[in-house]
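Enquirer: The lines below spell out each chain.
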Amino acid sequence: MSLVTLAVAAILFTVGTYLILQRLLTRVIIGLGLVSHGANLLIMLSGGGPADPPVLGAGSTGQIADPLPQAMVLTAIVITFGITAFLLGLALRSFLLTGTDAVEDDIEDRRIARIERASEPLPEPDPEMHEVPT
Amino acid sequence: MTWLLPLVVAVPILGAGLTVLVGKRLLLQRLVALLGVGFVFLAGVLLLIEADSGSAVVTQVGGWAAPAGITLVADRFAAIVLTVSSAMLMAVLVYAMAQLGRDSMDWWFHTKYLVLTAGVALSLVTGDLFNLFVGFEVMLVASYVLLTVKTGPAEVRATMSYVVINLVASALFLVVIAYTYSITGTLNLADLAVKLEAVDPGLRTALGLLMLSVFGIKAAIFPLFMWLPDSYPTAPTPVTAIFAGLLTKVGVFVIIRTQTLLFGQDGPSDLLLFIAGATMAIGVLGAIAQNDVKRILSFHIVSQIGYMIMGLGFLSVAGLAAAILFITHQVVVKTGLFLVGGLVEEEHRTGALDRVGGLLHRRPVIAAMFLPLALSLAGIPPFSGFVAKLALVQEGIALDRGIIVAVSLAASLLTLFSMTKIWGGVFWGEPTKAELKSSRGMTMATGMVVVASLLVAFFAGPIADLATRAAADIVDPAVYVDLVLGGS
Chain C
2 MSLVTLAVAA ILFTVGTYLI LQRLLTRVII GLGLVSHGAN LLIMLSGGGP
52 ADPPVLGAGS TGQIADPLPQ AMVLTAIVIT FGITAFLLGL ALRSFLLTGT
102 DAVEDDIEDR RIARIERASE PLPEPDPEMH EVPT
Chain B
34 MTWLLPLVVA VPILGAGLTV LVGKRLLLQR LVALLGVGFV FLAGVLLLIE
84 ADSGSAVVTQ VGGWAAPAGI TLVADRFAAI VLTVSSAMLM AVLVYAMAQL
134 GRDSMDWWFH TKYLVLTAGV ALSLVTGDLF NLFVGFEVML VASYVLLTVK
184 TGPAEVRATM SYVVINLVAS ALFLVVIAYT YSITGTLNLA DLAVKLEAVD
234 PGLRTALGLL MLSVFGIKAA IFPLFMWLPD SYPTAPTPVT AIFAGLLTKV
284 GVFVIIRTQT LLFGQDGPSD LLLFIAGATM AIGVLGAIAQ NDVKRILSFH
334 IVSQIGYMIM GLGFLSVAGL AAAILFITHQ VVVKTGLFLV GGLVEEEHRT
384 GALDRVGGLL HRRPVIAAMF LPLALSLAGI PPFSGFVAKL ALVQEGIALD
434 RGIIVAVSLA ASLLTLFSMT KIWGGVFWGE PTKAELKSSR GMTMATGMVV
484 VASLLVAFFA GPIADLATRA AADIVDPAVY VDLVLGGS
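Chains as they are written, first to last, in our numbering: chain C, 2 to 135; chain B, 34 to 521.
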């Protein structure tokens, strides 16, 4: 049972990492969701195997399950949920503003790299420096 | 005084709710925000006095005894950082109110700012690993929303990478929590310190390195800093200033806390010293290549983090005391420098060095505020940076760590060089025509920070003594463990 869970967590991490490395924010968001699911599964695993519910008088095996990891997973899920919603909003705004939700390179970085390649003094200030080229 | 400890987190959160309730009434929102942040500052001072009198303040939330319940702890170290941070939160709040239209343009600025305050306070006083995760998330969620206040394409682009990097770090944090819990069965920091002693050294090192990577992303140490100079400069000045002054330092605080408390028994670490040296060198070299005031300063955030990690790497009382002194100095100076950078930007609508100039003649007061902060950042006597760096270098020489001392001195020299670059570009040269005069309130708030920085230098003696006492507490994990587990 817990080996299967572990394998599922590993697959979630692999797929999630691949998606996070993409350029489109929508894919990154799905990747982040998968990675945090993997992390949640790991926390579930850390609580030990299945046992009686931690309620007085319930169950019969005498072994009581650890309720703490479940409380932590619940908190983590809620936080991830909120931030995913925020990221989706951000992706939508990016799409409305620039027509794409691709994560761009740092503009000022590219400007400095250009200067370095040309190895000349500062070029004319770029009027569109603070605009994302579409 | 233990009742004060939960209130440090609860009052700003309640205040955030209240700012929503009063609606779009700017005066009331401002009043609530000022009272909320002011309360945290007052509480920080009181907790510091209490902690320094020999009895650190510990409380178990909900009355559950230590390993089961959530512990809040304000020892000297936490109280010092809390006091300095909340003082800067206050100054930046005044600046934001004075910046024309900033907080009236964005109705929920005060709400987000109070949530940020609560997150910072919780991250500093918590004594529980999972609660620390929650504190970080509260702080980060507020910071995501603050970054998108002025939502042009540039801000959206910058926020994207910032949010994604921090989310990856949060997922890794959850993984660390899962590993820690399955190895030791506890997440209480004091309890962990006891139980990790018995854990296999290999496993312990793996946990230590994982935690260092997670908090290293938040603190922007080498090689995990690349998101910082990309995302900070695009935000509005008050936001950048408070991020620069606080967020990375909270990361450093947690690195120092976990590395000394949980993984200190393996002795000083060459890895930490290597990270420290690389962070200093690469940060400052990056700064020299930049052409924008805020971007230069952003790279300096990274560079200065290296000095704090250097103090931690020594893992001695004097080294940690120097690191604490450095954090105190750095929170103030960095906030101040970004506020000055904001004044420059406000007047010219740009901070690019090749497009502003001659500010010395037109607004000498801005130059007068920039100079002590810049010299302090570079470590020129008699300013606060000198005291902190002197303490670090002295300890480095005493421990025979020549290489890191040489790197730190070289980085200081390069810092001075890039500060002269700002000085030459912004304050000297032909005056350019300003579009707008920055308001008196903004200048006053910046002046407050400058005075605070001068005070740190003036009272360097007492502050260094206090830092030494705080360092003596954290060097020996038994002190913290006794506080939390013994007192319950």
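Rather than coming from a laboratory, the hints here were simulated on the basis of the structure. Cβ coordinates follow ideal geometry from the N, Cα and C atoms, glycine included. Hints may be right or wrong, so weigh each one.
[What the hints assert, rightly or not] Okay, the calculated beta carbon distance ranges per label pair:
| hint | chain 1 | residue 1 | chain 2 | residue 2 | range |
| --- | --- | --- | --- | --- | --- |
| 1 | B | G95 | C | G49 | 21 to 29 Å |
| 2 | C | R24 | B | G87 | 52 to 60 Å |
| 3 | C | Y19 | B | L64 | 29 to 37 Å |
[What the hints assert, rightly or not] Derived, one-sided and incomplete: chain C residues facing chain B with beta-carbon distance under 7 Å:
| hint | residue |
| --- | --- |
| 4 | H38 |
| 5 | P68 |
| 6 | Q71 |
| 7 | M73 |
| 8 | L75 |
| 9 | V79 |
| 10 | I80 |
| 11 | V104 |
[What the hints assert, rightly or not] Reference listing, derived: stretches of chain C covered by chain B, where coverage requires no fewer than 3 residues with Cβ under 8 Å from a Cβ of chain B:
| hint | region |
| --- | --- |
| 12 | 56-63 |
| 13 | 82-89 |
| 14 | 93-103 |
Enquirer: Each hint needs a verdict: does it hold in this structure or not?
Expert: The hints, checked one at a time:
1. Remark: the range hint 21 to 29 Å for G95/B to G49/C is upheld by a beta-carbon distance near 24 Å.
2. The beta-carbon spacing between R24/C and G87/B, approximately 56 Å, falls within the hinted interval of 52 to 60 Å.
3. Between Y19/C and L64/B the Cβ separation comes to about 50 Å, which falls outside the hinted range of 29 to 37 Å.
4. Contact between H38/C and chain B, as hinted, is not supported at the beta carbon level, the nearest pair being about 9 Å apart and thus beyond 7 Å.
5. Below 7 Å, beta-carbon pairs count as interface contacts, and P68/C has none with chain B, the closest being about 11 Å; its hint is therefore violated.
6. For Q71/C, the interface hint is violated, since its Cβ never comes within 7 Å of a Cβ in chain B; the closest pair sits about 12 Å apart.
7. Restraint check, M73/C versus chain B: the minimum CB separation of about 5 Å is within 7 Å; hint holds.
8. The beta carbon of L75/C comes no nearer than 11 Å to any beta carbon in chain B, farther than 7 Å, and the hint placing it at the interface is violated.
9. Restraint check, V79/C versus chain B: the minimum CB separation of about 10 Å is more than 7 Å; hint violated.
10. Taken as an interface hint, I80/C checks out: its beta carbon lies about 5 Å from the nearest beta carbon of chain B, inside 7 Å.
11. With its C-beta approaching chain B no nearer than about 5 Å, V104/C sits inside the 7 Å limit, and its interface hint holds.
12. For the region 56-63 of chain C, the stated coverage by chain B is not satisfied: 0 residues place a CB nearer than 8 Å to a CB of that chain, which falls below the threshold of 3.
13. Interface restraint, the region 82-89 of chain C with chain B: holds (4 residues with C-beta to C-beta distance below 8 Å; minimum three).
14. Beta-carbon proximity to chain B at under 8 Å applies to 4 residues in the region 93-103 of chain C; the threshold of 3 is reached and the given coverage holds.
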